[in-house]
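In this note's numbering, the protein residues as written are 1 to 141.
Everything labelled a hint here was simulated from the structure, so no lab data went into it. This one's a predicted model, so the numbers in the text were calculated from it and none came from an experiment. Do not rely on the hints blindly, as some may be mistaken.
Only pairs whose alpha carbons sit at most 25 Å apart, straight line, appear in this in silico DSS-like list of lysine-lysine [as the list claims (entries may be wrong)]: (1) Lys44 - Lys33; (2) Lys44 - Lys10; (3) Lys63 - Lys33; (4) Lys10 - Lys33; (5) Lys33 - Lys134; (6) Lys114 - Lys134; (7) Lys44 - Lys114; (8) Lys123 - Lys10; (9) Lys33 - Lys123; (10) Lys134 - Lys123.
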Amino acid sequence: MGINPWARRKSRRAVLQALYQWQLAGASVSDIKLQFRENGSLDKADLDFFDQSIQSVIENIEKLSDVFVPFLDRGLDDLGAIERGALLAGTYELRDLDSIPFRVVINEWVELTKDFGATESYKYVNSILDAVSKRLRNDER
C-alpha cells in the first residue's frame with residue numbers, strides 16, 4: 001500500500017507542534033510522543049513517520065542546524081519557534097528522507113508555516129529550505 005499524503009501531512013503538523021512544545025517546555029521526546037498519542041493529535045496520522053521524525057530531529061538538532069544556519073540572515077536564536085521547527089524538520093527530510101521529492105518537502109513545510117507562523121515567515125522558510133535543497137539535493141533539480 002502506498003503512502004497516504006493526508007496521513008503524512010497530519011504527521012508533519014503534529015511534528016511541528018511537538019517541536020514547538022519541546023522548544024518552549026523542554027519535555028522529553030518520550031513524554032511528547034505519549035502526549036500526542038493520548039490527546040488524539042495523531043488520529044489518522046502516519047505514526048511511524050511522526051515517531052521517526054520527532055526522534056531524529058531532536059537527536060540531531062545540532063547537525064541539522066549546521067546545514068541551514070549558513071543560509072540565515074540572523075542568528076538561530078532570533079528565529080521564532082515555529083520557523084526554527086519547520087527548518088529543522090524540513091532539513092531533516094531533505095537530508096535523510098531522499099525518497100520524498102524536495103519540492104514536496106519544501107511545499108509541506110511552507111504550508112505549515114503559513115498555518116502556524118508569523119505573517120510572512122513562510123517566505124523565509126521557503127527561501128532557506130530552497131537553499132538547503134540546492135546544497136543537499138542538487139542532483140534532483
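Hints versus structure:
no.: 1; hint: Lys44 - Lys33; in the structure: holds (15 Å)
no.: 2; hint: Lys44 - Lys10; in the structure: holds (8 Å)
no.: 3; hint: Lys63 - Lys33; in the structure: holds (22 Å)
no.: 4; hint: Lys10 - Lys33; in the structure: holds (14 Å)
no.: 5; hint: Lys33 - Lys134; in the structure: violated (32 Å)
no.: 6; hint: Lys114 - Lys134; in the structure: holds (22 Å)
no.: 7; hint: Lys44 - Lys114; in the structure: holds (22 Å)
no.: 8; hint: Lys123 - Lys10; in the structure: holds (22 Å)
no.: 9; hint: Lys33 - Lys123; in the structure: violated (29 Å)
no.: 10; hint: Lys134 - Lys123; in the structure: holds (17 Å)
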